[in-house]
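Asks: Okay, here's what each chain looks like letter by letter:
4 protein chains.
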Amino acid sequence: MIVSTSALLDFFLKTRTHTETICKPLQIEDYVVQPIADVSPPKWHLGHTTWFFEDFILKKYKSDYKEFNKQFAFVFNSYYESMGARVVRTDRGNLSRPTVGEVYAYRKYVTSALAKLLQENDSLTELKELIEIGIHHEKQHQELLLTDIKYILGNNPLQPLYSENFNEYQPISNTPKWLPVKEGVYKIGHNDSGFCYDNELGRHNVFLSEYQISSELVTNAEYLKFIEDDGYNQVLLWHSEGWDWIEENNIFAPQYWQNQDGEWYCYQLNGVQKLDLQAPVTHISYYEAFAFAQWKGLRLPTEFEWEIAQSKFDWGQRWEWTESAYLPYPNYTKAPGALGEYNGKFMVSQKTLRGGSVATSDNHTRATYRNFFHPQLRWQFTGLRLAR
Amino acid sequence: MIVSTSALLDFFLKTRTHTETICKPLQIEDYVVQPIADVSPPKWHLGHTTWFFEDFILKKYKSDYKEFNKQFAFVFNSYYESMGARVVRTDRGNLSRPTVGEVYAYRKYVTSALAKLLQENDSLTELKELIEIGIHHEKQHQELLLTDIKYILGNNPLQPLYSENFNEYQPISNTPKWLPVKEGVYKIGHNDSGFCYDNELGRHNVFLSEYQISSELVTNAEYLKFIEDDGYNQVLLWHSEGWDWIEENNIFAPQYWQNQDGEWYCYQLNGVQKLDLQAPVTHISYYEAFAFAQWKGLRLPTEFEWEIAQSKFDWGQRWEWTESAYLPYPNYTKAPGALGEYNGKFMVSQKTLRGGSVATSDNHTRATYRNFFHPQLRWQFTGLRLAR
Amino acid sequence: MIVSTSALLDFFLKTRTHTETICKPLQIEDYVVQPIADVSPPKWHLGHTTWFFEDFILKKYKSDYKEFNKQFAFVFNSYYESMGARVVRTDRGNLSRPTVGEVYAYRKYVTSALAKLLQENDSLTELKELIEIGIHHEKQHQELLLTDIKYILGNNPLQPLYSENFNEYQPISNTPKWLPVKEGVYKIGHNDSGFCYDNELGRHNVFLSEYQISSELVTNAEYLKFIEDDGYNQVLLWHSEGWDWIEENNIFAPQYWQNQDGEWYCYQLNGVQKLDLQAPVTHISYYEAFAFAQWKGLRLPTEFEWEIAQSKFDWGQRWEWTESAYLPYPNYTKAPGALGEYNGKFMVSQKTLRGGSVATSDNHTRATYRNFFHPQLRWQFTGLRLAR
Amino acid sequence: MIVSTSALLDFFLKTRTHTETICKPLQIEDYVVQPIADVSPPKWHLGHTTWFFEDFILKKYKSDYKEFNKQFAFVFNSYYESMGARVVRTDRGNLSRPTVGEVYAYRKYVTSALAKLLQENDSLTELKELIEIGIHHEKQHQELLLTDIKYILGNNPLQPLYSENFNEYQPISNTPKWLPVKEGVYKIGHNDSGFCYDNELGRHNVFLSEYQISSELVTNAEYLKFIEDDGYNQVLLWHSEGWDWIEENNIFAPQYWQNQDGEWYCYQLNGVQKLDLQAPVTHISYYEAFAFAQWKGLRLPTEFEWEIAQSKFDWGQRWEWTESAYLPYPNYTKAPGALGEYNGKFMVSQKTLRGGSVATSDNHTRATYRNFFHPQLRWQFTGLRLAR
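Protein sequence lines correspond, in order, to chains A, B, C and D. Oh and the first sequence: position 46 is 46 in the UniProt record's numbering, straight run, nothing missing. Oh and the second sequence: position 368 is 368 in the UniProt record's numbering, straight run, nothing missing. Oh and the third sequence: position 1 is 1 in the UniProt record's numbering, straight run, nothing missing. Oh and the fourth sequence: position 214 is 214 in the UniProt record's numbering, straight run, nothing missing.
It is worth saying that the hints were derived from the structure and are not from the lab. Some hints here could point you the wrong way.
Note that the list lumps identical chains together, so a pair holds whenever it fits in one copy or between two copies.
As the list claims (entries may be wrong) - In silico DSSO-like pairs for lysine-lysine, Cα to Cα no more than 27 Å straight-line: (1) Lys-14 <-> Lys-296; (2) Lys-296 <-> Lys-334; (3) Lys-225 <-> Lys-334; (4) Lys-274 <-> Lys-116; (5) Lys-312 <-> Lys-59.
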């Protein structure tokens, strides 16, 4: 918990600015489209993170607060059923208004109102906690902004680049080593005074059998061997659902890979590039991660194995699929009211990912952070690390 | 057929300019979205009409022609299967690039190249005929531009207006009269030297029994009585398909009608307005037009009855649904090659509409003009006139 | 109109018996399934034709009539919205009960009650007219029974035969001749004292330009040439909707055709047979009929051309697709009440077929009979005849 | 593992007979239909369990074995991708052939061939193990047979009963007690010489925090209070997916519950009965079980908590939803080849259920048995037990 008001204010303002910095390279048109349901228009992210501050904080704590535009709550609510009606998710890309300019004006209005509110109530702990949640919420959306922008540009037939300077990875040049962990009872969950989400709380014991985890992420070189060994056509490597998914969607390589005359390329935020064999394999679904591990005769780690071993290796380039389902920790309790919708209501049918990625905002992830996605999704910077 | 090169050039340039004038009131964001499959992004219309000149004319007649951008053919082809691959229709709204600015640059480049080509080849009849088709093609898209813009703005929760000066109708103050037509053999189809589409050609005889046609379009006042008499709930008034359509889509009034506390309003290009009872009923499907006529104990005219009687009444405010299916005239033959895809391939499952609308470009429609849409569509300025 | 009560009774009883004769070769299991929405389970046809007599006649004219089972109206109503709730069409094949035995008992009960009613009210013209409609309704379903049985058996991987004795066609050995018809005004529609449906009434004049119509149906030999000339891959031959339909459904030959090692076979009611080149091509959609005619540089006749020329050629082997849409004749009026749902409510989006087929019940079709189906349907015994 | 050949033979024959006994009350029509994708026609279960013995055993171990019908492998394969092509799951109910009689003949043929094979190879351990798997496979399908029959009859508008003698539950008259379990490391997984599936193997340690589990299943009385407290309308009780599921499917009570004039009834295999408040609540989805627990301020047990505590309470009336996702145990390895498709390929997106039900075959379930279904499914005899 951030105690100093000025530190919190600074954190707030920097976060707000950074969101807009991410959007700098965009054309106005790029802010508007939603090529698939999972990808929201950048304009929507800008508005939604602002609405969060307005609806959860300003309308409650600022007695004379006047909404920027009463209809924006309808436009920018995401999924908070308890906060009222909203534009259905798949319609976000059908709205040309409010314009990008109006959304930036909305941001400015709310940022300034919130800064003032904070300065005037610098002793209200509850308020400061809510603001901190709002900041972390916005930092989460910063990562989604980048991955959604990548999808919007990378799936355009013109494949425009986002920025020449965005480097998506550090080459993996080390030979992977097996890092051993002894059998035993280990503590899992968040355990310091810093910020964390509710889903990391409830530190508890977990028994782990002896295991080994790789020191390195799987590389494109290794994944290419899987493709060349016809891994996408060996049914016994796949989950039943995974097999249906690759058949229905005609999947034969990670997202953004393109084969031109036998040569592999991939679209990156810095444009179409020849496939770098030393790069960590990226943009794969859980199904693909699992099938690859089966093919190697190995497996994915559980999220607990990952958390206990993580201090022994470098992480943070890619969100790492784990074998664990996204479930509540023992004694998990949801926050009361609408904020309780934040994490708990997604704890079914999703897989946990650990680590972080090049798109994750600074200081946003940590060893106990639990990310989660449905097993078929791969527009995030996802990768994998093997265990046995 | 336009014989003078300078007249044709003038017609071409004015048409090109007018398309852009229609878009003047738009924000950049409005150019991009596609809220339903039938509605194309304005940006796409701007590019597609340009591609038509580039692909059908410049690339064939200008030996040293250099395409503005080779990938634009993929982006802006509409449905000409024989002209190669293209963005699937429902994906048009998923493309942020090319930007609006690039599309305007594309327009300028092609307009100028075509003007030059025409000036350098002023005796080539075939070329001039193709240019004339291209102009009329663009004029058709001008109407679609307006109706698509209306849908984009009118279905936005903020309901922004397009222009205060756009007047959608002339009030109908005359009491409707029955205009009688005698039984006999009549000539149908285009019959002068002006431009027409292939689907109007093949002037031929049709036998018409004696009939009467109304001097006026049906008004909102009359349609409101149908609603108030529970017309949308009387199954025997409807086609089987029409009934399924209103049930599945929860239809209970024309498109853009809104009921606020018992009062009817409708969204128009000049904003949300109180329903004017003297306005012609607009934005109804064929199913609704048919059910209304059934409820009156009357019927829609056929397109032949309409064509023969049209000199007796004013028309042009609304496209008028007829009872006729859109079918080829006797001895209809498609143009050879890709241009043959223009009309003939749609001659199944659609209904013919006659007349024109406030959104129709100047001098674009005529007494023999055959418009056609699927029976459930109603985002055009459609209306109806009764017969018996 | 049948005036003699005993003749009507005989007609009624023979029709009821014939329906059951059609089902003789079936196993109980064959009565139950519904492999596609268009194909109803035979059990349903048996029950539905019975419900028609019960609901439209017995319940109205027999004061003390006790329904066989009150829930059968829910199970066996087809689409008469005005007659109350019903099992949705696609659920017909999900009902194992009532059993086939119960349905036969229901038939017996209703047949006997209706025979008695008729004998006791032999002077009631209205009643007799309704019974006559019910008989013709059942005769229509006899044809559907046969085509639905063919689909059920022919699409089963075991391809069981229906009956060795069912001969689907007479070979066409004559060379086709062009039969000329002069331009002029002709009378269209039903014009004698026999039974007809409401959609044939309203005899009226139609002007026909000079035309020629083929003396023969198109044969498998001719259609095979279209296939071998790659007709299914020439986009310009097809309607836009037709092209989408063949692409989505992977259509490359008429229904029931099978290519085994380069040799063509087809499933018939008498089992899988080598394709007979002299047989009329069968089980094609309107889209295929149209594309074939385009490929020949010819066209389909309109239903009016067909009706006027039909006395010059043999017909009745196949339902012949026409170019006409299924629309009301001038002055068409629907029967009042639920019977009005019989024909009129389908008069949109369908094509008219003329003639009859080997599956049509005796004396059921006539020169003015108008059959109608959606353009993609081909499980009926459909074929085509060319015109020019 | 069963060592004695005669005991195994007896087990085999009794199992085969019992499957047919389950079907005794059926009409032939009941064997054929598939009202939803999850419910297979009883005929298919009869054939599929037979195909398993034929394809995995007879064809491999009996050198001169002649298949009953070569096409049955295509008809009766379920999902074994590695065993070749098959009828797609949703088409099972579209097949009238083979007839029920032919399927029974097929059963007899295979049963007799397999009995002979076993007698002639009584020392072949591998064979005996395969037969044992085949028996347990058939016992699993016995439960599915019953639940599928219930769905087929219970969703028919006539709601026929299956058998007056089938009693679906024992009333729960005890007041529930909280059974405490101490924190500690516990052993999970199968650990005796009896048969088990591969997903139960790999006995391993699990750390459990202190917890309490209810001695009783939740009853209809308790669930009714949840309904009456508007539990189906309180969004914060539900998972996001669960909420969408109840909204889309209009769910407001457990499956088979019917409200007639304010009185609750439910369809059971012995017909429609007044809701018994002392019966365990049944036919609920995981989503409903979870929402109910949320409403109580309690939770579902994990499958590990259930396994460790199960000796303290009675179980076996209902499959009990747990909070655990269906995942592999540490060191889980799939059987080689097609049998490896049995369990492992479903280990994603499903929830584990523990216990057993009134429909489970005798001696089929056990304390370590792991059943699994997708969270929305509820046509099995599912229920719940609370923990805290």
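Asks: Are the CA atoms of Lys-274 and Lys-116 at most 27 Å apart within a copy, between copies, both, or neither?
Replies: neither (50 Å within a copy, 42 Å between copies)
Asks: I want to check one pair: Lys-14 and Lys-296. Are their C-alpha atoms no more than 27 Å apart within a copy, between two copies, both, or neither?
Replies: Intra 44 Å, inter 43 Å, cutoff 27 Å: neither.
Asks: Taking 27 Å as the upper bound on the Cα-Cα distance, should Lys-312 and Lys-59 be classified as within, between, both, or neither?
Replies: For Lys-312 and Lys-59, neither the intra-copy (46 Å) nor the inter-copy (52 Å) Cα distance is at most 27 Å.
Asks: Pop the pair Lys-225 and Lys-334 into one bin, within, between, both or neither, using alpha-carbon distances up to 27 Å.
Replies: Intra 44 Å, inter 23 Å, cutoff 27 Å: inter-copy only.
Asks: From the Cα coordinates, with 27 Å as the cut-off, is the pair Lys-296 and Lys-334 best called within, between, both, or neither?
Replies: Between copies only: 14 Å across, 39 Å inside.
Checked against the numbered hints given earlier, the structure breaks hints 1, 4, 5 and satisfies all the rest.
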